[in-house]
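Enquirer: One letter stands for each residue in the lines below.
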Amino acid sequence: MDVIKFIQEQTAKGHDHPDFRPGDNVAVSYQIVEGEKVRVQLFKGDVIQIKGQGATKTFTVRKMSSGVGVERIFPMSCPNVVDIKVLKRGKVRRAKLYYLRELTGKKAKIKERKFIKK
Amino acid sequence: MNGIIGRKLGMTSIYDDKGNQVACTIIDTTSNVVTQVKSEDTDGYTALQVGYGDKSMKRVSKAMEGHFAKSGSAPKRKIAEFRDCTLDKKAGDTISVDEVFAEGDVVNAIGITKGKGFQGVVKRWNFRGVGDATHGQHNRLRAPGSVGAASTPSKVIKGMKMAGRTGGKRIKTKNLKVVRIFAEKNLLLVKGAVPGHKGSFVIIEK
Numbered sequence: 001m002d003v004i005k006f007i008q009e010q011t012a013k014g015h016d017h018p019d020f021r022p023g024d025n026v027a028v029s030y031q032i033v034e035g036e037k038v039r040v041q042l043f044k045g046d047v048i049q050i051k052g053q054g055a056t057k058t059f060t061v062r063k064m065s066s067g068v069g070v071e072r073i074f075p076m077s078c079p080n081v082v083d084i085k086v087l088k089r090g091k092v093r094r095a096k097l098y099y100l101r102e103l104t105g106k107k108a109k110i111k112e113r114k115f116i117k118k
Numbered sequence: 119m120n121g122i123i124g125r126k127l128g129m130t131s132i133y134d135d136k137g138n139q140v141a142c143t144i145i146d147t148t149s150n151v152v153t154q155v156k157s158e159d160t161d162g163y164t165a166l167q168v169g170y171g172d173k174s175m176k177r178v179s180k181a182m183e184g185h186f187a188k189s190g191s192a193p194k195r196k197i198a199e200f201r202d203c204t205l206d207k208k209a210g211d212t213i214s215v216d217e218v219f220a221e222g223d224v225v226n227a228i229g230i231t232k233g234k235g236f237q238g239v240v241k242r243w244n245f246r247g248v249g250d251a252t253h254g255q256h257n258r259l260r261a262p263g264s265v266g267a268a269s270t271p272s273k274v275i276k277g278m279k280m281a282g283r284t285g286g287k288r289i290k291t292k293n294l295k296v297v298r299i300f301a302e303k304n305l306l307l308v309k310g311a312v313p314g315h316k317g318s319f320v321i322i323e324k
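Just so you know, the sequences run in chain order A and B.
Taking this note's numbering, the leading residue of the first sequence gets 1, the next gets one more, and so forth.
Taking this note's numbering, the leading residue of the second sequence gets 119, the next gets one more, and so forth.
Because the hints were derived from the structure by calculation, they are not lab data.
Quick caveat, the model's predicted, so the values are computed rather than measured.
A couple of the hints might just be wrong.
[What the hints assert, rightly or not] Derived DSS-like pairs (lysine-lysine); straight-line CA-CA distance at most 25 Å:
1) A:44 x B:136
2) B:173 x B:287
3) B:309 x A:13
4) B:324 x B:290
5) A:57 x B:316
6) A:5 x B:295
7) A:51 x B:316
8) A:5 x B:136
9) B:276 x B:241
10) B:156 x B:208
11) A:13 x B:295
12) A:13 x B:303
13) B:303 x A:51
14) A:37 x B:136
15) A:57 x B:136
16) B:295 x A:51
17) A:96 x A:114
18) A:106 x A:91
19) A:13 x B:287
20) A:5 x B:316
21) B:309 x A:5
[What the hints assert, rightly or not] Which bits of chain A does chain B cover? Going by a derived footprint, with three or more residues having C-beta under 8 Å, they are:
22) 9–21
23) 75–83
[Unchecked claim] Heads up, incomplete: computed chain B residues facing chain A, CB under 8 Å, no partners named:
24) 137
25) 144
26) 305
Just so you know, even glycine gets a beta-carbon here, dropped at the ideal spot from N, CA and C.
Starting from the given sequences, assemble the full structure and let the hints guide the process.
Expert: As structure tokens, then:
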């Protein structure tokens, strides 16, 4: 296991990201290379799960796009994930928010966590 | 053919320069030692015999002890031969990964696959089974079907694919790309999977 850790430390040099939790509303800047051009795409939504550890840690962001739920999984240490901004801290009671998939409208709204312990 | 012996340590994924995630196998290649140099005059062919992995003295037979003593290397657990090896090495020399491979090379990996025990024809030969799950049918879902014709040839042809012991076989996986080499730790990362369980010996050849 130590060797795997060593290799992950050597190779997975992602960008530094702020801490966030499931339930938080985030904006992920994702770099896309199209031939010669490099552009940055923004994906805004709620974090519904954080999974894995080390270099293979990923998180899933869910948003509603014109009435259709869209989920995207981002690797935490991916060099193409340029920036993550935490827009809102959410108050949730579980680690995986799969229940949001069944809900729409006001029910799918996550309460904001206003008092954050430092 | 140049090569090296190693041990499969496990798998992980790393990112290439485009940011794509590449699944790769980690192979440990420390302590590769040349145990014998075979030449045209003495053996009829040229080859490099290489040993890997330390073996305790208790487990070495007298004959092998003598063989290792001749090259001046410690007893090794796994020995392999690489024919017409272009490395310029003498008996007793150590081989490190970066002498044999470079990043971007295409290599073959030889190992013994994980044993799966007695398996049916669907898992072993990718048969599709027979018939439906419904419409009154039962217990034919993973069946092999007919194994031969009737009065001609009135036998089952040799080599017919049937159920049996699966895995645990020496397999060569061809054309794996060397993703990365950590020379100071003697680690080799190849793209994709390599036969065998974690800790099993693998021969990597170019």
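Enquirer: None of the hints should be skipped; say for each whether it holds.
Expert: Verification of the supplied hints:
1. About 23 Å separates the Cα atoms of residue 44 of chain A and residue 136 of chain B, which keeps this hinted pair within 25 Å; it holds.
2. The suggested pairing of residue 173 of chain B with residue 287 of chain B holds, with an alpha-carbon distance near 24 Å, which does not exceed 25 Å.
3. About 19 Å separates the Cα atoms of residue 309 of chain B and residue 13 of chain A, which keeps this hinted pair within 25 Å; it holds.
4. Only pairs whose Cα atoms come within 25 Å are accepted, and residue 324 of chain B paired with residue 290 of chain B is accepted, the gap being roughly 12 Å.
5. Restraint check for residue 57 of chain A and residue 316 of chain B: satisfied, since their Cα atoms lie roughly 22 Å apart, inside the 25 Å limit.
6. Between the alpha carbons of residue 5 of chain A and residue 295 of chain B the distance comes to roughly 22 Å, so the proposed pair stays at or under 25 Å and holds.
7. In summary, the hint linking residue 51 of chain A to residue 316 of chain B is supported, as the alpha carbons are separated by about 24 Å, within the 25 Å threshold.
8. Among the hinted pairs, residue 5 of chain A with residue 136 of chain B is consistent with the structure: their alpha-carbon atoms are about 22 Å apart, no more than 25 Å.
9. For the suggested pair residue 276 of chain B and residue 241 of chain B, the alpha carbons sit about 20 Å apart, so the restraint of at most 25 Å is met.
10. For the suggested pair residue 156 of chain B and residue 208 of chain B, the alpha carbons sit about 10 Å apart, so the restraint of at most 25 Å is met.
11. Restraint check for residue 13 of chain A and residue 295 of chain B: the C-alpha separation of about 22 Å stays at or below 25 Å, so the hint holds.
12. Straight-line distance between C-alpha atoms of residue 13 of chain A and residue 303 of chain B comes to about 20 Å, which keeps the hinted pair within the 25 Å bound.
13. Restraint check for residue 303 of chain B and residue 51 of chain A: the C-alpha separation of about 30 Å exceeds 25 Å, so the hint is violated.
14. Between residue 37 of chain A and residue 136 of chain B, the direct Cα distance comes to roughly 13 Å. Compliance with the 25 Å bound is thereby established for this hinted pair.
15. This hinted pair checks out: residue 57 of chain A and residue 136 of chain B have alpha carbons roughly 19 Å apart, not beyond 25 Å.
16. Using a Cα cut-off of 25 Å, the hinted pair residue 295 of chain B and residue 51 of chain A is violated, with the two alpha carbons roughly 29 Å apart.
17. Distance hint between residue 96 of chain A and residue 114 of chain A is fulfilled; the C-alpha atoms sit about 21 Å from each other, no more than 25 Å.
18. Among the hinted pairs, residue 106 of chain A with residue 91 of chain A is consistent with the structure: their alpha-carbon atoms are about 15 Å apart, no more than 25 Å.
19. For the hint linking residue 13 of chain A to residue 287 of chain B, the alpha-carbon distance of about 38 Å lies beyond 25 Å, and the restraint is violated.
20. With a CA separation close to 16 Å, the supplied pair residue 5 of chain A and residue 316 of chain B stays within the 25 Å bound.
21. Restraint check: the Cα-Cα separation between residue 309 of chain B and residue 5 of chain A comes to about 18 Å, which is no more than 25 Å; the hinted pair holds.
22. A stretch counts as covered by a chain when three or more of its residues have a beta carbon under 8 Å from one of that chain; for the segment 9–21 of chain A and chain B the count is 3, and the coverage holds.
23. Only residues whose beta carbon comes within less than 8 Å of a beta carbon in chain B count, and the segment 75–83 of chain A has 5; three or more means the coverage holds.
24. A cut of 8 Å between beta carbons decides the hint on residue 137 of chain B: the least distance to chain A is about 4 Å, and the hint holds.
25. The beta carbon of residue 144 of chain B comes within 6 Å of a beta carbon in chain A, closer than 8 Å, and the hint placing it at the interface holds.
26. Nearest Cβ of chain A to the Cβ of residue 305 of chain B: about 7 Å, under the 8 Å cut. The hint holds.
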